[in-house]
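Visitor: We have chain V already, so just place chain E on it with the hints.
These protein sequence lines map, in sequence, to chains V and E.
Here full-length UniProt numbering is used: position 145 in the first sequence is 145, and no number is missing along the way.
Here full-length UniProt numbering is used: position 32 in the second sequence is 32, and no number is missing along the way.
No wet-lab data here; the hints were simulated from the structure.
Keep in mind it's a predicted model, so treat the numbers as computed, not measured.
It cannot be assumed that every hint is accurate.
Repeated chains share a single entry, so a pair holds when one copy, or any two copies, can fit it.
Pairs of lysine to aspartate or glutamate residues, derived as DMTMM-like cross-links and limited to a Cα-Cα distance of at most 20 Å, are as follows [stated by the list, open to error]:
| no. | residue 1 | residue 2 |
| --- | --- | --- |
| 1 | Lys197 | Glu313 |
| 2 | Lys15 | Asp361 |
| 3 | Lys355 | Glu268 |
| 4 | Lys197 | Glu5 |
| 5 | Lys109 | Asp375 |
| 6 | Lys244 | Asp286 |
| 7 | Lys283 | Asp300 |
| 8 | Lys19 | Asp335 |
| 9 | Lys31 | Glu175 |
| 10 | Lys102 | Asp92 |
| 11 | Lys336 | Glu313 |
| 12 | Lys166 | Glu45 |
| 13 | Lys197 | Glu307 |
| 14 | Lys16 | Asp328 |
| 15 | Lys19 | Asp328 |
| 16 | Lys15 | Asp358 |
| 17 | Lys297 | Asp328 |
| 18 | Lys285 | Asp245 |
| 19 | Lys355 | Asp326 |
| 20 | Lys158 | Glu41 |
Spelled out from the first residue to the last, the chains are:
Protein chains: 2
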Amino acid sequence: MNIKEEVITKAKEAKKAAKALANISSVLKNKALLAMADELERSTEEILAANREDMDFGRDNGLPEPLLDRLLLTEERIEGMAQGLREVAQLDDPIGEVLEMKKRPNGLKIGQVRVPLGVIGIIYEARPNVTADAAGLCLKSGNAVLLRGGSNAINSNKAITNVLAKAAYEAGLPEGVVQLVESTDREAVQVMFKLNKYLDVLIPRGGAGLIQAVVNNSTVPVIETGVGNCHTYIDSEADLDMAKDITINAKTQRTGVCNSMETLLVHEDIAEEFLPIIIEELKNKDTLVKGCSRVQKIVDNIEAATEEDWATEYLDYILAIRVVNDLDEALSHIDKYSTKHSEAIITENYTKAQKFLDLVDAAAVYVNASTRFTDGGQFGLGAEIGISTQKLHARGPMGINQLTTNKYIIYGNGQIRE
Amino acid sequence: MNIKEEVITKAKEAKKAAKALANISSVLKNKALLAMADELERSTEEILAANREDMDFGRDNGLPEPLLDRLLLTEERIEGMAQGLREVAQLDDPIGEVLEMKKRPNGLKIGQVRVPLGVIGIIYEARPNVTADAAGLCLKSGNAVLLRGGSNAINSNKAITNVLAKAAYEAGLPEGVVQLVESTDREAVQVMFKLNKYLDVLIPRGGAGLIQAVVNNSTVPVIETGVGNCHTYIDSEADLDMAKDITINAKTQRTGVCNSMETLLVHEDIAEEFLPIIIEELKNKDTLVKGCSRVQKIVDNIEAATEEDWATEYLDYILAIRVVNDLDEALSHIDKYSTKHSEAIITENYTKAQKFLDLVDAAAVYVNASTRFTDGGQFGLGAEIGISTQKLHARGPMGINQLTTNKYIIYGNGQIRE
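Here chain V stands alone, though its shape is the one from the complex (with noise of 0.2 Å):
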């Protein structure tokens, strides 16, 4: 079987898989969720097995160490996937649900009732973990899963999945919920972009280049997730122990994720009180400032930000500082460099609070606190399958309510348009 025939024939299984899986009990998807964790756990070491090929190939290949630890698998993280398997379980099952049916002046009654997508394409990277989530929140939400996931973790991609895949049709789901494009040729990727007619969406979860070219790519509808240029404002009228904690937590607390800060805009009134002591701190994590001339001239050592570094998603223990004006030019600031990921302001003036708020374009606003909270376990959402930067559909993290749309479903008795 060549690669296109590859994965047209899995899309198509996983579009007739759908279909049957749109009306499928709570009860019985739920059963599947759990036997898929268990039968993960009894496979540990099956999936570790494929996992060593994995990382010795990556090691023989020169896979640079945070990358080979995103590619580890271990009896823990094996756990941890079972586990959120588990609680995706536990979820309230959105499918289904009525919302607002209203009774019109003619007598019908017109409601909109939450349905599946369909067919979900997820296009990922290195980590193997994402298969076993992904195929979780899909199925939970009633929706088939196509995945393809990157070279460097196939085989522990064909170990996952397979087992997943086993458990499910076991369990009593439709065969063909759950599909993991085999080929690693890029072609599988271009297949996918177009194949319109059997996945209802795509969502790229990686870094900047996957998902830009997905977007640029595919004519199936995309969900951008991710990328997060992260600005915390400091306030002049910022309390500046709260300041403090809240940059330290933001940029050091976990670096290599999306919602950790990158920038941080420091107001003139209060940057030579501010900028030595966080500075020091961030010293003190092992964090490297670069600054705008203003901070240079406060702070001795510091490296010069360029626009570049403006513009970067460091991931990684590496802060841009400016310090500005006002307010207004923060927001310029941010309006420019922004990825409408997650910003913040601390200050303790309520206009400046609210202006900041309303005028900030970005998927999650805060004030006075950490942009490290932008994930949907933190808003409540349980697991999240990304976080979209982008404004159609969804917007910020995307739990299993994210996975679904909507159909209007109508009650008549006999009602024709006059």
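Guide: Chain E alone, transformed into the frame defined by chain V:
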């Protein structure tokens, strides 16, 4: 200025205007909408003169009569456009509505506020009234709009846009909230397809060819609208009088619209009784009937319906009829040929009605009513920008709420992530 420059310049201005428009009060937006309505009426002569140029050009170039009719403006139609703007002014402002603000265990107050999409690109065909309708809906929902109408209507569209833009600006809206691409070259549309930097969404309004071109070529997110190959299934347990009235209404009340019926499916048990009656009625309404072989056996002189007929959105006084063995065969037919717009079952049987509602995958699924009701006004949404036949973001009639997105706003008091 070349074509590309024109489009980019206007899109850029629209983006700038959109930022200002996003936080403008309802009072000011409504004032502008009413001023636009008044100014349209005051400029009737000038708009009609521009329209005469388009009509003359269209006639000289052999534009078919139905297209000329869509292109034609009259005093009454201009009043209709003005009235439409006044109705949009009456709608509640969707912007700023806070949905579901909740307090999390850590004290963060997390809510979602409804905000505009930004800049909406509308690509449409010959009907110049779309210019005013779309502009009104976009402005009310806080969006700037970049319009690109059909070349046949260019003079009418220019005249209408000039009037609207001037009135909006004089009423106090930012400059550039309503823009028309004046180049009638196809290159202009190609440029719009790739303007992700300035356009937040593209909405095509027109025939299947236009919609497909936009879906296949745009990297800007698209909301697909409108193609409706709608079915009505008359069950063996239908009230046949009701079935007759609904069939006639769905097919003949207005034929050139996407929610009219194109194929009638009739259960075999009632076919011999129902078909002669309904075909007679349809003929009285000048409707050409095409039928499957079973229809041809029951009624004389029926043209054979081909595979192509089942897939055709006639938008005309033509109806394809097929006799089916049962509900399942009707569901399979709909599943195969439906464009997922509007589908109806006529039955007195409760279980079959629920099964149809559950299993049909379409924007609107009806029991015992005409598919002609799929319309923003009829559904109680106020005016509509189109009917989405896709699943992402919006499905079915799209009113002003569907021209918005959300952003999360988070009120903290120093929270950091553990």
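Visitor: I want to check one pair: lysine 197 and glutamate 307. Are their C-alpha atoms no more than 20 Å apart within a copy, between two copies, both, or neither?
Guide: Between copies, since 19 Å is at most 20 Å while 43 Å is not.
Visitor: Using 20 Å as the alpha-carbon threshold, which applies to lysine 31 and glutamate 175: within, between, both, or neither?
Guide: Close inside one copy (15 Å), not across copies (58 Å); limit 20 Å.
Visitor: Between the shortest in-copy and the shortest cross-copy C-alpha distance, which are at most 20 Å for lysine 336 and glutamate 313: within, between, both, or neither?
Guide: within (14 Å within a copy, 46 Å between copies)
Visitor: Up to 20 Å between alpha-carbons, please classify lysine 355 paired with glutamate 268: within, between, both or neither.
Guide: within (19 Å within a copy, 66 Å between copies)
Visitor: Check lysine 244 against aspartate 286 for me: Cα-Cα at most 20 Å, and say if that holds within a copy, between copies, both or neither.
Guide: For lysine 244 and aspartate 286, only the intra-copy Cα distance (16 Å) is at most 20 Å; the inter-copy one is 78 Å.
Visitor: Have a look at lysine 19 and aspartate 335 and pick one of within, between, both or neither, based on CA distance no larger than 20 Å.
Guide: So lysine 19 and aspartate 335 pass the 20 Å test across copies only (10 Å; inside, 43 Å).
Visitor: Using 20 Å as the alpha carbon limit, work out where lysine 102 and aspartate 92 are close: within a copy, between copies, both or neither.
Guide: Only across copies: lysine 102 and aspartate 92 sit 18 Å apart there, 24 Å inside one copy, limit 20 Å.
Visitor: Indicate which option fits the pair lysine 197, glutamate 5 if close means a Cα-Cα distance not exceeding 20 Å: within, between, both or neither.
Guide: So lysine 197 and glutamate 5 pass the 20 Å test inside one copy only (14 Å; across, 35 Å).
Visitor: Check lysine 19 against aspartate 328 for me: Cα-Cα at most 20 Å, and say if that holds within a copy, between copies, both or neither.
Guide: between (51 Å within a copy, 14 Å between copies)
Visitor: Between copies, within a copy, both or neither: which fits lysine 355 and aspartate 326 at Cα up to 20 Å?
Guide: within (13 Å within a copy, 61 Å between copies)
Visitor: As a check of your reading, is lysine 15 near aspartate 358 (CA-CA no more than 20 Å) within one copy, between copies, both or neither?
Guide: between (42 Å within a copy, 17 Å between copies)
Visitor: Have a look at lysine 15 and aspartate 361 and pick one of within, between, both or neither, based on CA distance no larger than 20 Å.
Guide: between (36 Å within a copy, 12 Å between copies)
Taken one by one, the earlier hints fail for this structure only at number 17.
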